[in-house]
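**Q** Chains as they are written, first to last, in this note's numbering: chain A, 1 to 239; chain B, 1 to 239; chain C, 1 to 239; chain D, 1 to 239.
By construction, these hints were calculated from the structure, which means they are not laboratory data.
Nothing here was measured: the structure is a model prediction, and the numbers come from that model.
Ideal Cβ positions, reconstructed from N, Cα and C, are used throughout, including at glycine.
Check the hints yourself; a few may be wrong.
Quick list of in silico lysine to aspartate or glutamate cross-link-like pairs, EDC-like style, CA-CA up to 20 Å [claimed, not checked]:
no., chain 1, residue 1, chain 2, residue 2
1, B, 21, D, 220
2, B, 21, B, 189
3, A, 21, C, 220
4, C, 21, A, 220
5, D, 21, D, 189
6, D, 21, D, 56
7, D, 21, B, 220
8, A, 21, A, 209
9, B, 21, B, 45
10, B, 21, D, 222
11, B, 21, B, 3
12, C, 21, C, 41
13, D, 21, B, 222
14, C, 21, C, 189
15, A, 21, A, 64
16, C, 21, C, 209
17, A, 21, C, 37
18, C, 21, C, 3
19, C, 21, A, 222
20, A, 21, A, 189
21, D, 21, D, 213
22, A, 21, A, 213
23, D, 21, D, 48
24, B, 21, B, 41
Coverage of chain B stretches by chain D, computed from C-beta distances (three or more under 8 Å per stretch; other residues unrestricted) [claimed, not checked]:
no., stretch
25, 165-179
26, 228-237
One-sided and incomplete, this derived list gives chain A residues near chain B with beta-carbon spacing under 8 Å [claimed, not checked]:
no., residue
27, 87
28, 91
29, 165
There are 4 protein chains.
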Amino acid sequence: MADTAVIAGVGPGLGESLARKFVAEGCRVGLFARSADYLEELAADLGDDALAVPTDVTDPERVEAGFEEVRDAYGPVDILVNHASGGAWSGLRDISPEEFERAWRVSAYGALLCSQTAIEDMLDDDGGDGGDGGTIIFTGATSAVRGRGGAIGFSAAKFAVRGMAESMARELGPLGIHVAHVVIDGQIEPPRVRESQPDRDGDEFLDPDAIADSYWQLVEQDRSAWTLELDVRPHVEEF
Amino acid sequence: MADTAVIAGVGPGLGESLARKFVAEGCRVGLFARSADYLEELAADLGDDALAVPTDVTDPERVEAGFEEVRDAYGPVDILVNHASGGAWSGLRDISPEEFERAWRVSAYGALLCSQTAIEDMLDDDGGDGGDGGTIIFTGATSAVRGRGGAIGFSAAKFAVRGMAESMARELGPLGIHVAHVVIDGQIEPPRVRESQPDRDGDEFLDPDAIADSYWQLVEQDRSAWTLELDVRPHVEEF
Amino acid sequence: MADTAVIAGVGPGLGESLARKFVAEGCRVGLFARSADYLEELAADLGDDALAVPTDVTDPERVEAGFEEVRDAYGPVDILVNHASGGAWSGLRDISPEEFERAWRVSAYGALLCSQTAIEDMLDDDGGDGGDGGTIIFTGATSAVRGRGGAIGFSAAKFAVRGMAESMARELGPLGIHVAHVVIDGQIEPPRVRESQPDRDGDEFLDPDAIADSYWQLVEQDRSAWTLELDVRPHVEEF
Amino acid sequence: MADTAVIAGVGPGLGESLARKFVAEGCRVGLFARSADYLEELAADLGDDALAVPTDVTDPERVEAGFEEVRDAYGPVDILVNHASGGAWSGLRDISPEEFERAWRVSAYGALLCSQTAIEDMLDDDGGDGGDGGTIIFTGATSAVRGRGGAIGFSAAKFAVRGMAESMARELGPLGIHVAHVVIDGQIEPPRVRESQPDRDGDEFLDPDAIADSYWQLVEQDRSAWTLELDVRPHVEEF
Numbered sequence: 001m002a003d004t005a006v007i008a009g010v011g012p013g014l015g016e017s018l019a020r021k022f023v024a025e026g027c028r029v030g031l032f033a034r035s036a037d038y039l040e041e042l043a044a045d046l047g048d049d050a051l052a053v054p055t056d057v058t059d060p061e062r063v064e065a066g067f068e069e070v071r072d073a074y075g076p077v078d079i080l081v082n083h084a085s086g087g088a089w090s091g092l093r094d095i096s097p098e099e100f101e102r103a104w105r106v107s108a109y110g111a112l113l114c115s116q117t118a119i120e121d122m123l124d125d126d127g128g129d130g131g132d133g134g135t136i137i138f139t140g141a142t143s144a145v146r147g148r149g150g151a152i153g154f155s156a157a158k159f160a161v162r163g164m165a166e167s168m169a170r171e172l173g174p175l176g177i178h179v180a181h182v183v184i185d186g187q188i189e190p191p192r193v194r195e196s197q198p199d200r201d202g203d204e205f206l207d208p209d210a211i212a213d214s215y216w217q218l219v220e221q222d223r224s225a226w227t228l229e230l231d232v233r234p235h236v237e238e239f
Numbered sequence: 001m002a003d004t005a006v007i008a009g010v011g012p013g014l015g016e017s018l019a020r021k022f023v024a025e026g027c028r029v030g031l032f033a034r035s036a037d038y039l040e041e042l043a044a045d046l047g048d049d050a051l052a053v054p055t056d057v058t059d060p061e062r063v064e065a066g067f068e069e070v071r072d073a074y075g076p077v078d079i080l081v082n083h084a085s086g087g088a089w090s091g092l093r094d095i096s097p098e099e100f101e102r103a104w105r106v107s108a109y110g111a112l113l114c115s116q117t118a119i120e121d122m123l124d125d126d127g128g129d130g131g132d133g134g135t136i137i138f139t140g141a142t143s144a145v146r147g148r149g150g151a152i153g154f155s156a157a158k159f160a161v162r163g164m165a166e167s168m169a170r171e172l173g174p175l176g177i178h179v180a181h182v183v184i185d186g187q188i189e190p191p192r193v194r195e196s197q198p199d200r201d202g203d204e205f206l207d208p209d210a211i212a213d214s215y216w217q218l219v220e221q222d223r224s225a226w227t228l229e230l231d232v233r234p235h236v237e238e239f
Numbered sequence: 001m002a003d004t005a006v007i008a009g010v011g012p013g014l015g016e017s018l019a020r021k022f023v024a025e026g027c028r029v030g031l032f033a034r035s036a037d038y039l040e041e042l043a044a045d046l047g048d049d050a051l052a053v054p055t056d057v058t059d060p061e062r063v064e065a066g067f068e069e070v071r072d073a074y075g076p077v078d079i080l081v082n083h084a085s086g087g088a089w090s091g092l093r094d095i096s097p098e099e100f101e102r103a104w105r106v107s108a109y110g111a112l113l114c115s116q117t118a119i120e121d122m123l124d125d126d127g128g129d130g131g132d133g134g135t136i137i138f139t140g141a142t143s144a145v146r147g148r149g150g151a152i153g154f155s156a157a158k159f160a161v162r163g164m165a166e167s168m169a170r171e172l173g174p175l176g177i178h179v180a181h182v183v184i185d186g187q188i189e190p191p192r193v194r195e196s197q198p199d200r201d202g203d204e205f206l207d208p209d210a211i212a213d214s215y216w217q218l219v220e221q222d223r224s225a226w227t228l229e230l231d232v233r234p235h236v237e238e239f
Numbered sequence: 001m002a003d004t005a006v007i008a009g010v011g012p013g014l015g016e017s018l019a020r021k022f023v024a025e026g027c028r029v030g031l032f033a034r035s036a037d038y039l040e041e042l043a044a045d046l047g048d049d050a051l052a053v054p055t056d057v058t059d060p061e062r063v064e065a066g067f068e069e070v071r072d073a074y075g076p077v078d079i080l081v082n083h084a085s086g087g088a089w090s091g092l093r094d095i096s097p098e099e100f101e102r103a104w105r106v107s108a109y110g111a112l113l114c115s116q117t118a119i120e121d122m123l124d125d126d127g128g129d130g131g132d133g134g135t136i137i138f139t140g141a142t143s144a145v146r147g148r149g150g151a152i153g154f155s156a157a158k159f160a161v162r163g164m165a166e167s168m169a170r171e172l173g174p175l176g177i178h179v180a181h182v183v184i185d186g187q188i189e190p191p192r193v194r195e196s197q198p199d200r201d202g203d204e205f206l207d208p209d210a211i212a213d214s215y216w217q218l219v220e221q222d223r224s225a226w227t228l229e230l231d232v233r234p235h236v237e238e239f
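Please model the complete structure; the sequences and the hints are all you need to start from.
**A** Following this line, the structure appears as structure tokens:
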């Protein structure tokens with residue numbers, strides 16, 4: 001039977017590439033994001049194997065309802081990608097406490113809610129290792145391993161997410177759930193953008209379809225050799 | 001003139017040792033914590049150079065008022081220690097979203113509020129490097145660099161704090177503010193506890209007075225060789 | 001045309017799994033190791049796509065001759081796996097300087113020699129990016145990121161290798177050569193060993209075939225999203 | 001009684017500042033370096049508490065003899081600073097194997113020889129914790145934590161040293177020996193150079209006297225709160 005996946009935080013870019021890749025690999029995918037219009041369009045393009053679920057991942061009730069909708073359509077969730085992210089590109093001198101909180105709430109708190117709901121389908125009824133297991137992948141950034149000057153909200157949120165991923169990997173690995181964290185180092189640009197500007201070579205950008213391939217490999221890994229963390233960057237990136 | 005310090009999150013243990021050390025080195029210290037009783041007792045013991053300021057560091061107005069109280073008594077703040085920390089010793093399966101949020105709010109959000117208020121005294125009026133500078137130290141933990149299984153709230157909060165510290169160091173170092181993060185690896189036990197149990201050697205615990213010495217060295221460092229991060233652990237600690 | 005690979009340091013375990021995987025994916029593989037007997041046997045088993053090249057990777061002339069042999073048989077080298085490793089499981093108090101040196105020489109110095117020879121085939125004649133590019137993968141260990149007590153020779157050697165890999169990734173990535181470092185966390189045990197002991201579940205071991213899958217994914221990655229480092233461990237591993 | 005220190009790799013810059021600081025704090029210091037002339041001059045300037053010991057730290061017999069000379073003059077060694085370092089500022093394409101080896105031999109192999117000789121004075125006769133203990137500090141660099149493109153020899157050597165330090169800290173901490181690693185991030189410039197060029201502010205350089213203060217603090221730390229690693233950089237450094 002096909003795997004069921006939830007991608008939380010879908011937009012044009014990596015989220016969309018993940019959805020396309022997972023469907024191409026035979027998954028049925030629930031797409032979570034706040035903007036209904038974009039989701040509907042993407043889901044329509046993907047056909048029967050994708051479901052648009054307009055959801056605010058920071059709202060516990062909406063998250064619960066969103067997962068129910070996916071389960072009703074496709075069955076228990078096997079794969080979760082915590083991909084939602086909040087900006088907050090200011091330093092300590094300029095950020096408002098609200099903006100700082102928002103970055104954390106979308107990235108970390110939302111991922112907690114989605115993960116807690118998803119593991120209900122991956123563990124047995126007692127929260128033990130008798131379930132079918134699953135995969136939970138977090139989208140990280142360089143600012144998750146190296147706090148960026150002038151981006152305190154983003155850095156704090158992305159560090160928090162990495163700490164969650166490591167904690168969850170230690171807790172849930174022995175229970176059959178593969179938790180992984182992908183450090184994306186650089187700017188993502190879809191090939192279609194590049195193709196529209198034939199004068200640029202685009203080497204300095206990450207192709208989201210290529211990143212999606214690495215996410216899928218994480219899903220496919222045998223549990224005797226699971227990866228907790230990998231980084232991806234363009235071959236010309238200075239780092 | 002004596003330096004003015006704020007220690008946010010004072011309790012018996014490292015917070016108290018920091019207060020005693022800073023006063024011994026000639027500072028005048030504002031003590032922030034939620035519990036008034038303990039603070040009053042400690043301040044009385046420390047004399048004229050310490051001020052008890054019962055404060056909830058997660059409340060912007062209380063933080064602002066607390067700093068005002070310290071400034072009125074001792075003048076502009078030169079040193080801030082972000083030492084408040086929220087527990088959250090559960091894994092993904094058991095933690096409530098409220099507990100997860102609380103850990104972040106005390107550790108990270110509170111540190112943001114205190115830091116934003118403190119730098120007003122350290123920078124010039126335009127937020128530039130024409131001020132007197134200062135020192136901001138964060139208390140970290142092993143769970144800030146290595147997410148702990150079964151402690152997702154604590155890990156996410158401590159990672160967030162480390163990301164903040166790194167971001168602030170990059171933003172504020174050139175402006176004359178030394179930002180540092182201390183990774184405390186192990187259990188802290190005050191010597192007085194140890195002395196009451198003469199049968200134990202206590203080697204497995206960190207002496208908070210010894211840690212306070214390292215915090216003070218960070219304050220004293222020349223700005224041509226500032227430390228962003230150091231770790232401390234008992235000599236017998238396995239790590 | 002098929003890719004040509006060199007695996008330096010082949011033995012029963014991960015080296016053999018890499019050879020089998022690369023041949024299965026269409027590569028022709030040069031097998032380097034000191035022991036001729038084992039290599040001949042493995043090469044015979046793999047058929048026309050594998051060449052046994054008994055080689056001491058710490059001897060510049062032998063390395064040069066070994067690559068020549070592979071080039072003569074299969075053409076220019078596209079992929080190199082620096083997999084040779086020297087033990088040195090003693091602490092400072094017990095290790096001899098010779099043992100300390102040996103660990104470094106096999107792991108780091110040998111990898112330098114092989115890498116310098118391999119990139120001749122991957123760059124253009126001026127050492128620039130006009131060549132066909134290629135992939136160089138280093139086998140690392142947990143002791144490459146966390147110095148192990150009682151294993152100073154192994155830790156120093158594995159750290160050195162990781163430093164080389166990072167340096168090479170920064171130098172060679174823009175020239176079209178993908179350099180990656182795999183942190184293997186745990187004990188490897190081939191499935192055939194496991195199968196001979198049906199009473200054990202073997203969950204605590206890494207399956208080398210599963211690790212080889214991840215190496216192959218590194219070879220396959222699009223250069224817009226190259227991975228420098230990933231870790232692999234059994235799902236039950238405590239870390 | 002005064003502590004006896006050995007500083008291996010003394011030159012004008014940090015080595016000299018360490019010697020001056022340690023003597024000022026009451027130590028008697030053996031100065032190891034290859035160049036006799038400079039050592040004699042420095043020792044003469046420091047008086048009875050410093051001994052010039054021209055030594056090649058990569059030669060086991062010379063190291064043994066050097067320590068004997070220091071012991072004869074000042075008694076058993078309490079403090080060792082492994083400060084010798086070999087350059088190797090080339091990338092994979094340009095470095096010779098000899099240059100790569102030289103960097104490792106001076107930095108890592110020499111530190112092994114010095115450390116093995118020094119701990120004879122710090123442990124009891126059985127290599128146990130019944131001795132007086134001591135302190136061993138390694139001078140590291142940013143290239144010890146982040147492999148630098150175009151400096152493969154230096155990166156591999158500095159990574160190796162960091163791996164050694166971590167391994168030794170875990171082995172020797174419980175035996176009463178404090179092992180620490182200092183990551184120096186930036187260029188060092190002695191104040192006397194700066195003073196000769198009054199037009200420059202010199203903010204971009206590390207003052208070696210300021211770094212020496214942090215080394216001394218490591219020596220002074222109470223063993224209930226030892227630091228394994230700290231970094232130092234100028235306040236204006238971009239990192």
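**Q** Does the structure keep residue 21 (chain B) and residue 41 (chain B) at a Cα separation of 20 Å or less?
**A** At roughly 17 Å apart (the allowed maximum being 20 Å), residue 41 (chain B) and residue 21 (chain B) satisfy the hint.
**Q** Does the structure keep residue 21 (chain B) and residue 189 (chain B) at a Cα separation of 20 Å or less?
**A** Measuring from Cα to Cα gives roughly 16 Å; hence the hint holds.
**Q** Starting from residue 21 (chain B), check that the Cα of residue 220 (chain D) is at most 20 Å away, please.
**A** holds, 16 Å
**Q** Are the Cα atoms of residue 21 (chain C) and residue 41 (chain C) separated by 20 Å or less?
**A** holds, 17 Å
**Q** Check the hint pairing residue 21 (chain A) with residue 209 (chain A) against an upper bound of 20 Å on the C-alpha distance.
**A** holds, 8 Å
**Q** Does residue 213 (chain A) sit within 20 Å of residue 21 (chain A), going by the straight-line distance between their CA atoms?
**A** Given that 20 Å is the threshold and the Cα spacing comes to 7 Å, the pair holds.
**Q** Holds or violated: residue 21 (chain C) and residue 3 (chain C), Cα atoms, limit 20 Å.
**A** holds, 13 Å
**Q** Is the interface hint for residue 91 (chain A) satisfied, with its Cβ closer than 8 Å to some Cβ of chain B?
**A** holds, 4 Å
**Q** Is residue 21 (chain A) within 20 Å of residue 189 (chain A), Cα to Cα?
**A** holds, 16 Å
**Q** Holds or violated: the hint that residue 87 (chain A) contacts chain B, with Cβ atoms closer than 8 Å.
**A** Violated, because the Cβ-Cβ distance from residue 87 (chain A) to chain B comes to roughly 14 Å (cut-off 8 Å).
**Q** Is the Cα-Cα distance between residue 21 (chain D) and residue 220 (chain B) 20 Å or less?
**A** Holds. Residue 21 (chain D) to residue 220 (chain B) sits at ~16 Å (cutoff 20 Å).
**Q** Keeping to a limit of 20 Å between CA atoms, is the pair of residue 21 (chain A) and residue 220 (chain C) held or broken?
**A** Since the Cα atoms of residue 21 (chain A) and residue 220 (chain C) sit roughly 16 Å apart, the hinted pair holds (cutoff 20 Å).
Hints 6, 15, 17 and 27 from the earlier list are contradicted by this structure; the remaining hints agree with it.
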